[in-house]
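K.L.:
Listed below are the residues making up each chain.
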Amino acid sequence: MHLMYFTEQPMSAYPEDAGLDFGATALMFSNRHFDPVAGSRLYNEYLEHYRLAEDVGFDGIMLNEHHNAPFCMQAKCNVFASILAAVTKRVKIVLLGNPLPLADNPVRLAEELAMIDMISGGRLVSGFVRGGGQEQLATGVNPAYNRERFEEAHELIVRAWTDTGPFRWEGTHYQHRVVNPWAIPLQKPHPRVWIPGVLSKETIIWAARQRYPYIALSTAIDATKKIWQLYDSVAAEAGYTGGPENRGYLQRCHVAETEEKAMENARQFMWMQGEFTGLAHPVWSSPSGYFSPSNRRAFVEFAVGRRANPRAAALEDQLRDQQIIAGTPKTVLPKLRRLLEETRPSILGFWASDGFVSSADTMTCIRLLGQEVLPALREMGKELGLASPFEANAPVSIKYAEGPGARRTPQQAALR
Amino acid sequence: MSTTEATWTTESVRVAGQALPVLKGGAGDPLLVLHHDIGSPAGLPFYDALARHFTVYVPSHPGYDGSERPEWMRSVRDVAVVYQWLLADRGLSGVSLVGLGFGGWIAAEMAAMSPGAFRRLVLVGAMGIKPAAGEILDQALMSYVDYVRAGFEDAGAFDRLFGAEPPTSLLEQWDLNREMTFRIAWKPYMYSQTLPHLLGGVQARALVVWGRRDRIVPIECGERYARVLPRARLAVVEGAGHFVEMEQPDVVGKLVTEFVTAS
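These protein sequence lines map, in sequence, to chains A and B.
For the first sequence, our numbering begins at 3 and goes up steadily by one.
For the second sequence, our numbering begins at 134 and goes up steadily by one.
It is worth saying that the hints were derived from the structure and are not from the lab.
Errors might be hidden in some of the hints.
[What the hints assert, rightly or not] Which chain B residues stay away from chain A? Per the calculated CB distances, all over 12 Å, these: (1) 200; (2) 271; (3) 320; (4) 321; (5) 328.
[Claimed, not checked] Computed cross-link-like contacts, SDA-like style, restricted to lysine to any residue with a CA-CA straight-line distance of at most 25 Å: (6) B:320 to A:337; (7) B:320 to A:177; (8) A:228 to A:399; (9) A:384 to A:401; (10) B:320 to A:70; (11) A:203 to B:297; (12) B:263 to A:142; (13) B:320 to A:372; (14) A:401 to A:295; (15) A:203 to B:302; (16) A:263 to A:340; (17) A:203 to B:263; (18) A:78 to B:273; (19) B:263 to A:141; (20) A:337 to A:295; (21) B:320 to A:46; (22) A:401 to A:78; (23) A:78 to B:263; (24) A:332 to A:124; (25) B:263 to A:143.
Every residue, glycine too, gets a C-beta built ideally from N, C-alpha and C.
Between the sequences and the hints, there should be enough to build the whole structure, so can you do that?
P.N.:
See the structure below:
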């Protein structure tokens, strides 16, 4: 198993009432509510939490980015990835991920990622995302070409990583006279690419066609099973068998010394008041052209309030469906076992706390996870045959017949 | 003046590799009417008013109202070229253009690219020029209903046309049209930086019509159109917002008819 620590890096110091009054906590919710003094404190606390996560035995640290919203302070995941490349020694730095359509210069992204890979000694996992709807508006990127830009930027980055330069790129959305970055990844053939998602079938299908692991973000168990059915059927068409090494899951899971404390802190997973990316105007979270045309009818009804938000279940429902797990190490383990047995992921991210949970409680949670939960999960993973892409030495993509372990470069070998 | 209602037919015309539905009605000199970003509601009294005097052509913009989407199309100028192609294909000359809102931008582009070709140019609440002080209302930040409502001075006019709670099928159509608008007019949003510099050669007389309470395109844009087009005047319509011809069909119908028929 590959066990990761994750936090959204919440900007918890903003006044909650202001968000409720405004009716949204994203995009147009004024940044006058952002307090950089608290921001400075929080960034450094989050960094401390990451270091602790490495110390207590997590295999990876998962990072993400969002824009114009208090629920996530990371405006550029490559910034924290760069810091972690230097201050950590062992953990994988798992970016889930860089929002490709937002990039006007994917070659620049390829360079940044290559630098992070080299500085970290080959510890980068470079996930890619489409970016939320609000991200398109926050950065002025056309939502109607979101998927086209995602696919083209991905192709260009992988080529920049793997093909010898210089070459020319004349695409639909990107044109480059010279692609010849003098920073290329340490990992060969290239860093692993994992694709997180929550909603869109198209992304699951795309990830399965590339043979990239898909990371389901806090979906309910039944929905997660459907994701794997779809993934596996596409994998079969593509000529390989989908398995645990293709499956990841992000679990909201808070542990504490007592049940009461755990449950009190778990309520903070609802801190953003809407779906887990905050209270949002539906037109902002899904601008026209951004979502799948097959969902158009449902979406327009949602946009004018004729249909409930499918992603904003009550805390009690999310606890029942195990989208949120809370308790002591002893009481969360059977629930995690159920998740592993029923959905068979080999990559498991722990979204350990949110909102106003204190730094001390977060650190207790990380410590308890590391000392009491992760070792038990590793045993379960062995028993259930949940080998991670690293353990299984899975190929990094459909283009490769074998995993990178068989073709490690002398430089990489020297680092291990 | 005849009061008989025109008979309308829809013909599918192939232009630039796309099937383009063109609504046609009335008799007289040719008038090309270019619709708003929200599409072209069926049975508008304004269209009937024009059809009493002209042969009226109302194409669905490519990718709007269910017409085939040109995946390659990237700009409003592309739409203008498609319509030049349509007119040439039909062998139409001496055409007058009536552009409504977003369609006004397309009409202005057409006039700029063929400065001597058109008989008259009418721009109604036209997008296409960057306001100096205000902003063009950005539909990307608001719901379909809120956006269209913002285009009316009188909320009752919206209710009569679309219903107080528009049906889901209409919302889907607005979403589809909005997506196509994003595909060709996302950035800069709803204006061209070069268009104002290209309008000085237009030889046709032009009428710029604006609703007094246009909350979508500031009236200063109408003033600018009237300044940069050499033979233009601005007519402001009271009791109307952006969708002037939907809110005051008789007034705009009369203005356009008199302007286009005058020798």
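K.L.:
Evaluate each hint against the coordinates.
P.N.:
Hints and how they fare:
Listed as outside the interface, residue 200 of chain B is consistent with that label: its C-beta sits roughly 15 Å from the nearest C-beta of chain A, beyond the 12 Å cut-off. In this structure residue 271 of chain B is not separated from chain A by more than 12 Å, as the shortest Cβ-Cβ distance comes to only about 9 Å. A beta-carbon of chain A is positioned within 12 Å of the beta-carbon of residue 320 of chain B; the least distance is around 6 Å. With a least CB separation of 10 Å from chain A, residue 321 of chain B falls inside the 12 Å interface cut-off, contrary to its annotation.
No Cβ of chain A approaches the Cβ of residue 328 of chain B within 12 Å, the least distance being about 20 Å, so the stated non-interface status holds. Straight-line distance between C-alpha atoms of residue 320 of chain B and residue 337 of chain A comes to about 49 Å, which puts the hinted pair past the 25 Å bound. Simply put, residue 320 of chain B and residue 177 of chain A have alpha-carbon atoms about 18 Å apart, close enough for the 25 Å limit, and the pair holds. Taking the CA atoms of residue 228 of chain A and residue 399 of chain A, the gap is about 22 Å. The hint holds against a cut of 25 Å.
Taking the CA atoms of residue 384 of chain A and residue 401 of chain A, the gap is about 28 Å. The hint is violated against a cut of 25 Å. With a C-alpha separation of about 20 Å, the suggested pair residue 320 of chain B and residue 70 of chain A falls inside the 25 Å cut-off, and the hint holds. A distance of roughly 35 Å separates the Cα atoms of residue 203 of chain A and residue 297 of chain B; the hinted pair therefore is violated under the 25 Å criterion. Simply put, residue 263 of chain B and residue 142 of chain A have alpha-carbon atoms about 17 Å apart, close enough for the 25 Å limit, and the pair holds.
Only pairs whose Cα atoms come within 25 Å are accepted, and residue 320 of chain B paired with residue 372 of chain A is rejected, the gap being roughly 48 Å. As the CA atoms of residue 401 of chain A and residue 295 of chain A are separated by approximately 30 Å, the hinted pair breaks the 25 Å bound. As the CA atoms of residue 203 of chain A and residue 302 of chain B are separated by approximately 24 Å, the hinted pair is consistent with the 25 Å bound. For the proposed pair residue 263 of chain A and residue 340 of chain A, the alpha carbon gap of about 23 Å is at most 25 Å, so the pair holds.
For the proposed pair residue 203 of chain A and residue 263 of chain B, the alpha carbon gap of about 39 Å is over 25 Å, so the pair is violated. Distance restraint check for residue 78 of chain A and residue 273 of chain B: the Cα-Cα separation of roughly 24 Å lies within the 25 Å cut-off, and the hinted pair is therefore satisfied. A hinted pair counts as satisfied when its Cα atoms are at most 25 Å apart, and residue 263 of chain B with residue 141 of chain A qualifies at roughly 20 Å. Between the alpha carbons of residue 337 of chain A and residue 295 of chain A the distance comes to roughly 36 Å, so the proposed pair goes past 25 Å and is violated.
Note on residue 320 of chain B and residue 46 of chain A: the hinted pairing is violated, with a Cα-Cα distance of about 37 Å set against a maximum of 25 Å. Restraint check for residue 401 of chain A and residue 78 of chain A: not satisfied, since their Cα atoms lie roughly 29 Å apart, outside the 25 Å limit. Between the alpha carbons of residue 78 of chain A and residue 263 of chain B the distance comes to roughly 32 Å, so the proposed pair goes past 25 Å and is violated. With a C-alpha separation of about 35 Å, the suggested pairing of residue 332 of chain A with residue 124 of chain A is violated against the 25 Å cut-off.
With a C-alpha separation of about 20 Å, the suggested pairing of residue 263 of chain B with residue 143 of chain A holds against the 25 Å cut-off.
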